[in-house]
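Undergrad: Next come the chains, spelled out residue by residue.
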Amino acid sequence: METGSAKGSHRRDGSAPRGRRLRDFRGETLAESVVNENGSGDDATRRDFIHIAAGAAAVGAGAVIAWPLINQMNPAADTLALASIEFDTSKVQEGQQVVITWQGKPVFVRNRTAAEIARAKADDHANDLKEPQTDAERTKAGHEPTLVVIGSCTHLGCIPTFGTGDFGGWFCPCHGSHYDVAGRIRKGPAPKNLVVPDYEFTAGATIKIG
Amino acid sequence: MSEHESTYVPKTGVEKWLDSRLPIIRFGADYMSLPTPKNLNYWWTFGGILALCLVTQIITGIVLAMHYTPNTAMAFASVERIMRDVNGGWLIRYVHANGASMFFIAVYVHMLRGLYYGSYKAPREMIWILGCVIFFLMIATAFLGYVLPWGQMSYWGAEVITNLIGAIPVVGEPVLIWLRGGPAIDNATLNRFFSLHYLLPFVIFGVVVLHLWALHTSGQNNPVGILIPKERAAKDMVPFHPYFTVKDGFAVILFLILFSLFVFFMPNALGHADNYIPANPLQTPAHIVPEWYMLPFYAILRAIPDKFGGVMAMFGAIGVLFILPWLDTSKVRSMRYRPTMRTFFIIFVVVCLGLGWCGGQLPDAPVIGSFKTFNLVDGDLNSFLWLTRFLTAYYFAFFLIIMPLVGLKETPLPVPLSISEPVLTGSDAMTAAAPAQAEKKG
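Chains as they are written, first to last, in this note's numbering: chain A, 1 to 210; chain B, 1 to 442.
Hints are supplied without guarantee of correctness; some may be wrong.
Said to hold, decoys possible - The calculated lysine-lysine pairs, modelled on DSSO-like cross-linking and capped at a C-alpha distance of 30 Å, are:
(1) B:Lys372 with A:Lys130
(2) A:Lys187 with A:Lys130
(3) B:Lys372 with A:Lys187
(4) B:Lys230 with B:Lys247
(5) A:Lys130 with A:Lys208
(6) B:Lys38 with B:Lys331
No lab work stands behind these hints: they were computed from the structure.
Generate the whole structure from the sequences, applying the supplied hints.
TA: So this is what it looks like as C-alpha cells:
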C-alpha cells in the first residue's frame, strides 16, 4: 500500500495510480476516499462517470447512425407526391360502382339507388354496428347517392365484392367480413367500417380525393 | 465439445504448419469424430437433411438472383424468362420453389422429433430456442420469397400478411407504411423484400452455427432420453463419422428421391395456380391461401373473431414454442416412457394436420356433408370456423395445460440406466430402474 499523499498526487494529474490496481480502491469507505482526496472526489466515481459518459455517447452515436438506415424505408418523395386525384362522379350511373386507384389502393365510387340509401339510413342505429356511424356521416351533404370508400377490407386488406353478403353491401371473400350499403362493418373479423377517404366536391360532380 | 478430447494428429508438414496457426483441419476432424449416442434412429437424420436444404436454397437462390428483376413492371416477366429462356432455369427455379416445401417438411419432422423425445429439456434449452429462432426466420424468408414472382398470390399474400402488423394498436399504421414504403404494396415493397429475402438465409446460416455449437456443448439427446454418464461414454457412444455420416447419407438419398419426385413430376403440386397470373392490385383472388406450410398458423389467425386477437394468437402459436422447456414439468425426457403424454402427443400431431386442412378451406364451409346444424355465436357448428376453433384450443392447451399437468400427475414407465440396457435385455421396461432415477446420474 502506498501512502495517502502519493495516491493523491497521482489523481490530481489525472494519470492512473501506478502500482495500485482498481480493486485496491474498492475497499475504501466513502469517508476514507474523501479524506484521501481532500474533498475532490475519488477515482472510482470518476471512472464510473467516464464509463457512463462513454456508454451514453456510444448509444447516442448508434441512434444517429441507425435513424437514416431506418428512415430510408419510409415512403419516398415521389411516392408521397401521388397524394391526390380528381374524379368526375357524373360518369357513375345510378346503381353502378366505379373502382379507381388512389395511392395504389382501390377506391369505390358508388352511385347508390334510393332503395339502398333508405336501407342504409334505416340501419343507422342498428345494434350490430361495431363502429357506429350514421349514413349522413359517411357521405357529403347534398350528395347522398355518392358513397366514396377505400375498397380495402379493414381486416387484412382484401378487396370486398358488392352485392354479396348478408347486408346488401360488400362481402370480403378472404375472411368473411360483411359490410352494409353504407360500407359499415356488420359481421366478421374486420374491426372498422370501410374507410371514407378525405375528399371534397370541387366543381359540380367532381371530387378531389386526398 | 468440452468433454471431447481432440484425437487429431497432423501428419504432413503442411498440416503441422497450419495446425499451429489456424487449427481448421483439427476443428473439422474433431467435429466428425464427435461421440454420438449409438442408438439414434432415423428421426435424427433430419438435422443433416435440413443442412442440405439450407445449402440447396442458398445456392439455387444466388443463381436465380442473377436472372431475376426486382421491379413490379418486370418481376413476373423475368421469372417467366427464367422458366423459358435461361439455360436450365426451369430446373433451378423448380428446385428452389419445391426446396422451400422440402425444407419445411424436414423442419416439421425435426421439431416433432424434438418434442417427442424431449430434446428441448435441460440441458438442451438453448438448442431448442435457437431452433425456434431458425424456424421463425424460415417462415419470414419463405414469405418474402413467395412475394418475388409478383403473381396474384404473391401480391395478396403480401397484402394480408403486412396488414397483420397494422393490427397492432397505435403504432401499427405508421409501422405498416414504413414496412411497405408507401400507402400500399408497391415497387418499394418488392425491392426491399428482395433485399431481405437475400439476406435472411445467411442470418439463418449464422443461427444454425449457434444451434450446432449449443448441440455440441450439451451433447445429443437420444431415443431413450437419458444423459449418458461419462463412464459409459466408451460403450454407449460411437464417433459421428463414419457411423452417422453413413446413416444420414442414406436418409439424404431417400429424401432426395422425394424431392426429385416433386421437382420432375409435379413441380407445381405444392404451389397455387393463381400465382401464374400477374399481380393485380384491383382484384383479389376468390380464395387467398398461403403456402401449405403456413396453413396451420393461418387457420389459427382466422379462428379468432378479433383482428388483433387473431394476430396475437398466430404469433403466440410460434411464441409458445420458445418457453416450451419451462412448460414441461416431467423429469423423463423421452415419451417412450411416458404413455399418457404419448397419447396427447399423437392427438397433437393430428390437430396440427387438422389445422393445416382447415387453413386451406373457406371458414364458413361445412365440414361434414352440406347440411347446417345450429348457429353457435357467430357461425354454424358444422363449419370450418368452429372446427378450427376446437383445434386451436387443443393446440394451446397441449402446451399450456396438458404439458405442465401431465408432467406432475403421470407415472412414467421405468427408464433404463443406459442406452444399451433395453437392447441387451430385449425390453424397454426395466424392472430395476425406478422412474426418473437415471436422470440424476447425468
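Undergrad: Work down the list of hints and note, for each, if the structure agrees.
TA: Now the hints, each set against the structure:
| no. | hint | verdict |
| --- | --- | --- |
| 1 | B:Lys372 with A:Lys130 | holds (27 Å) |
| 2 | A:Lys187 with A:Lys130 | holds (8 Å) |
| 3 | B:Lys372 with A:Lys187 | holds (19 Å) |
| 4 | B:Lys230 with B:Lys247 | holds (25 Å) |
| 5 | A:Lys130 with A:Lys208 | holds (29 Å) |
| 6 | B:Lys38 with B:Lys331 | holds (23 Å) |
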